[in-house]
Amino acid sequence: MAERETTVGPEEGIHGRPAARLVKAAKGFSSQVVIVKGDREVNAKSVLKITGLARKGEKITIRAEGEDAEQAVEMLAQLIAADEH
Amino acid sequence: MKLTGIGASEGVAVGPAFVPATDRPEPERDRITEDEVGAELQRFREAVETIAGNLSETADRLRTSGSGEEAGIFEFHVEMAKDPELASAVEERIGHLESPEAAVLAVGEEFAAEYAAMDDEYMAARADDVRDVTGQISAQLIGRSISAFEALKTPSVVLSYSLAPSDTARIQKGMALGFVTAEGSRTSHVSIMARSMGIPAVVGVGPKLDRVLGAQTVAVDGGEGYAIADPDADTVAEFERMSGALAEELAALDEYRHVEASTSEGRRIEVAANLGSVSEAHDALKWGAEGVGLFRTEFLFMERDDLPSEEEQYEAYSAVARAFGEKPVIIRTLDVGGDKDLPGVDQGSEENPFLGWRGIRMSLDTPELFEPQLRAILRAAANGNLKVMFPMVADIGELEAAKAILQKCRRELESEGMDVGEVETGVMIETPAAAVCAGELAEQSAFFSIGTNDLVQYTLAADRSNERLRRLQSADHPAVLALIRRTCEAASAAGIQVGVCGEAAGEPEMISKLVELGVTELSMAAPQIPRAKKVVSEL
Numbered sequence: 001m002a003e004r005e006t007t008v009g010p011e012e013g014i015h016g017r018p019a020a021r022l023v024k025a026a027k028g029f030s031s032q033v034v035i036v037k038g039d040r041e042v043n044a045k046s047v048l049k050i051t052g053l054a055r056k057g058e059k060i061t062i063r064a065e066g067e068d069a070e071q072a073v074e075m076l077a078q079l080i081a082a083d084e085h
Numbered sequence: 086m087k088l089t090g091i092g093a094s095e096g097v098a099v100g101p102a103f104v105p106a107t108d109r110p111e112p113e114r115d116r117i118t119e120d121e122v123g124a125e126l127q128r129f130r131e132a133v134e135t136i137a138g139n140l141s142e143t144a145d146r147l148r149t150s151g152s153g154e155e156a157g158i159f160e161f162h163v164e165m166a167k168d169p170e171l172a173s174a175v176e177e178r179i180g181h182l183e184s185p186e187a188a189v190l191a192v193g194e195e196f197a198a199e200y201a202a203m204d205d206e207y208m209a210a211r212a213d214d215v216r217d218v219t220g221q222i223s224a225q226l227i228g229r230s231i232s233a234f235e236a237l238k239t240p241s242v243v244l245s246y247s248l249a250p251s252d253t254a255r256i257q258k259g260m261a262l263g264f265v266t267a268e269g270s271r272t273s274h275v276s277i278m279a280r281s282m283g284i285p286a287v288v289g290v291g292p293k294l295d296r297v298l299g300a301q302t303v304a305v306d307g308g309e310g311y312a313i314a315d316p317d318a319d320t321v322a323e324f325e326r327m328s329g330a331l332a333e334e335l336a337a338l339d340e341y342r343h344v345e346a347s348t349s350e351g352r353r354i355e356v357a358a359n360l361g362s363v364s365e366a367h368d369a370l371k372w373g374a375e376g377v378g379l380f381r382t383e384f385l386f387m388e389r390d391d392l393p394s395e396e397e398q399y400e401a402y403s404a405v406a407r408a409f410g411e412k413p414v415i416i417r418t419l420d421v422g423g424d425k426d427l428p429g430v431d432q433g434s435e436e437n438p439f440l441g442w443r444g445i446r447m448s449l450d451t452p453e454l455f456e457p458q459l460r461a462i463l464r465a466a467a468n469g470n471l472k473v474m475f476p477m478v479a480d481i482g483e484l485e486a487a488k489a490i491l492q493k494c495r496r497e498l499e500s501e502g503m504d505v506g507e508v509e510t511g512v513m514i515e516t517p518a519a520a521v522c523a524g525e526l527a528e529q530s531a532f533f534s535i536g537t538n539d540l541v542q543y544t545l546a547a548d549r550s551n552e553r554l555r556r557l558q559s560a561d562h563p564a565v566l567a568l569i570r571r572t573c574e575a576a577s578a579a580g581i582q583v584g585v586c587g588e589a590a591g592e593p594e595m596i597s598k599l600v601e602l603g604v605t606e607l608s609m610a611a612p613q614i615p616r617a618k619k620v621v622s623e624l
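Quick mapping for you: the protein sequence lines, in order, are chains Y and F. FYI, in our numbering the residues of the first sequence are 1 to 85. FYI, in our numbering the residues of the second sequence are 86 to 624.
In short, the hints are calculated from the structure, not lab data. One thing to keep in mind: the hints can contain errors.
[As the list claims (entries may be wrong)] Simulated pairs of lysine to aspartate or glutamate, EDC-like, Cα-Cα distance not exceeding 20 angstroms:
id, chain 1, residue 1, chain 2, residue 2
1, Y, Lys37, Y, Glu67
2, F, Lys293, F, Asp315
3, Y, Lys37, F, Asp145
4, Y, Lys37, F, Glu199
5, Y, Lys24, F, Asp145
6, Y, Lys56, F, Glu206
7, Y, Lys56, F, Asp315
8, Y, Lys27, F, Glu134
9, Y, Lys24, F, Asp391
[What the hints assert, rightly or not] What the simulated footprint calls covered on chain F by chain Y, stretch by stretch (three residues with Cβ under 8 angstroms from a Cβ of chain Y suffice, anywhere in the stretch; the number is not a length):
id, stretch
10, 167-178
11, 207-216
[Unchecked claim] Estimated spans, in silico, between C-beta atoms of each pair:
id, chain 1, residue 1, chain 2, residue 2, range
12, F, Glu499, Y, Lys27, 28 to 36 angstroms
13, F, Ala330, Y, Arg40, 52 to 60 angstroms
14, F, Asp319, Y, Lys27, 57 to 65 angstroms
15, Y, Ser30, F, Lys493, 48 to 56 angstroms
16, F, Arg353, Y, Glu5, 53 to 61 angstroms
17, Y, Ser30, F, Gly123, 54 to 62 angstroms
18, F, Glu499, Y, Arg40, 42 to 50 angstroms
19, F, Glu499, Y, Asp68, 56 to 64 angstroms
20, Y, Glu5, F, Asp295, 43 to 51 angstroms
Glycine included, every Cβ here is placed at the ideal spot set by N, Cα and C.
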């Protein structure tokens with residue numbers, strides 16, 4: 001299992017195109033990937049679930065379990081932290 | 086009757102009312118039988134595939150036409166349609182003998198209710214997205230088209246509870262005079278779309294919309310944020326006058342949008358746009374930009390904790406390159422002064438940031454900043470017509486050093502087997518030193534672009550932001566004009582282009598002087614383009 005904490009970068013939080021990008025990236029990994037915020041834990045491969053999960057500047061944790069767990073948390077953490085323009 | 090809402094897209098219009106027929110599909114059967122489950126699961130999966138495919142096509146079409154923002158909406162919808170949580174919830178209901186067309190609507194409604202309950206305007210707007218996408222899947226399952234806009238055949242003001250992107254995308258060009266919706270905010274898709282289409286819109290008028298759905302005529306003022314149902318003759322006349330005046334003003338300039346401006350002597354002057362972000366590219370093209378005379382790259386670096394990666398920059402530069410196709414796009418390398426905070430770079434504090442460590446000075450000292458930017462530009466150049474411009478150059482040594490690094494980056498990329506494009510290099514003429522040494526710089530440049538704002542401030546020793554020095558903040562000063570003349574002469578002798586990308590380029594009274602001095606390109610805020618082309622055409 002791999003885990004990483006990061007801060008949400010995009011101005012409007014996780015939604016719309018950044019959310020779509022995130023989900024696309026998550027689907028590229030065979031691992032099960034979840035995003036955890038507080039006591040909520042959602043499937044990172046579901047745009048419906050991750051939409052609205054967190055706002056800009058909030059801390060979230062990405063957790064993955066599977067063969068490519070390390071790469072998955074690495075990449076998703078980067079994407080979430082990136083500021084979308 | 087007057088309806089007050091949120092002015093979401095400026096402009097006024099008056100015309101017949103159009104109310105789209107109910108935009109929710111209504112499944113005729115709720116239940117299925119045990120032995121239908123397998124086939125219905127299959128039908129649901131196929132419907133998802135079809136809708137996701139349609140949405141992706143729309144996204145691609147919008148992206149290639151330069152509407153990145155709108156394309157993003159559809160990419161989001163593609164992911165919603167293919168959502169695994171949506172699928173498993175629907176499949177579970179089908180397993181419990183619900184019809185797929187009813188199940189997908191019910192699950193969509195669950196997600197929509199969750200978003201609508203969030204105390205956040207932006208998130209509440211996402212409820213419409215879920216309803217839109219699940220509604221399309223349901224309609225596909227029922228086997229009918231969801232678009233109620235096929236009946237819209239005469240230019241009308243559209244009245245609706247909400248408008249989904251799939252609706253607005255289906256409206257034929259010219260058929261919508263205005264939008265009035267019960268739901269929505271300035272950040273709803275209908276608002277974004279209305280602004281990009283230049284159609285007046287009032288959103289969020291609330292349940293009162295119900296009472297005007299039978300109206301014959303509707304007047305809408307998208308700037309002030311109100312609509313009038315069945316206005317009296319005086320109001321209609323007033324709206325017609327306002328909309329006529331606005332249209333006339335725009336139309337008078339409109340014919341100039343896409344002309345290639347030349348003076349009466351036949352000198353061709355290119356009119357281009359200054360861009361501060363990728364999202365402005367589409368609008369700039371609509372205003373008639375013949376290229377980008379100045380693409381500021383600061384937006385990629387600001388308001389974040391780390392430096393943007395080469396990949397991220399490559400994406401941004403490529404997006405603009407693709408949007409403009411063969412038209413030239415001049416990318417200015419990073420120019421951040423000590424008055425702005427740059428993450429990851431210790432700028433120290435400076436007494437005079439405008440005279441400090443910025444532009445090419447900082448870039449040459451900070452390879453970890455400069456090289457990824459140049460690599461990204463070289464790679465993105467394979468996708469369009471990109472040029473690179475160095476800011477704050479004060480002598481030939483800086484230009485030579487910058488070009489050497491560019492060469493090194495090119496060689497490295499080539500040896501890594503990366504695709505790179507041809508990139509012309511030019512100098513931004515904004516220090517008096519560069520203008521004085523223009524002859525020498527011209528020999529090693531493919532173009533010049535005069536940044537009049539800084540050139541004025543440095544030549545006249547007058548701080549740009551000091552209100553008391555207004556008199557000394559214009560390019561229309563003999564010393565500044567002399568430097569511009571010198572720059573143009575050097576460019577002409579070397580046979581290279583010379584543009585102006587400061588505010589002066591968009592000022593009608595300066596344009597004639599700049600053209601007379603020998604400037605061959607003017608670059609400005611996009612909405613000023615039609616007027617500048619008109620001014621040039623009348624010279």
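Against the structure, the hints:
no., hint, result
1, Y:Lys37 to Y:Glu67, "24 angstroms, violated"
2, F:Lys293 to F:Asp315, "14 angstroms, holds"
3, Y:Lys37 to F:Asp145, "33 angstroms, violated"
4, Y:Lys37 to F:Glu199, "17 angstroms, holds"
5, Y:Lys24 to F:Asp145, "16 angstroms, holds"
6, Y:Lys56 to F:Glu206, "15 angstroms, holds"
7, Y:Lys56 to F:Asp315, "44 angstroms, violated"
8, Y:Lys27 to F:Glu134, "16 angstroms, holds"
9, Y:Lys24 to F:Asp391, "23 angstroms, violated"
10, 167-178, "holds (count 4)"
11, 207-216, "holds (count 4)"
12, F:Glu499 to Y:Lys27: 28 to 36 angstroms, "33 angstroms, holds"
13, F:Ala330 to Y:Arg40: 52 to 60 angstroms, "54 angstroms, holds"
14, F:Asp319 to Y:Lys27: 57 to 65 angstroms, "59 angstroms, holds"
15, Y:Ser30 to F:Lys493: 48 to 56 angstroms, "39 angstroms, violated"
16, F:Arg353 to Y:Glu5: 53 to 61 angstroms, "57 angstroms, holds"
17, Y:Ser30 to F:Gly123: 54 to 62 angstroms, "28 angstroms, violated"
18, F:Glu499 to Y:Arg40: 42 to 50 angstroms, "48 angstroms, holds"
19, F:Glu499 to Y:Asp68: 56 to 64 angstroms, "31 angstroms, violated"
20, Y:Glu5 to F:Asp295: 43 to 51 angstroms, "48 angstroms, holds"
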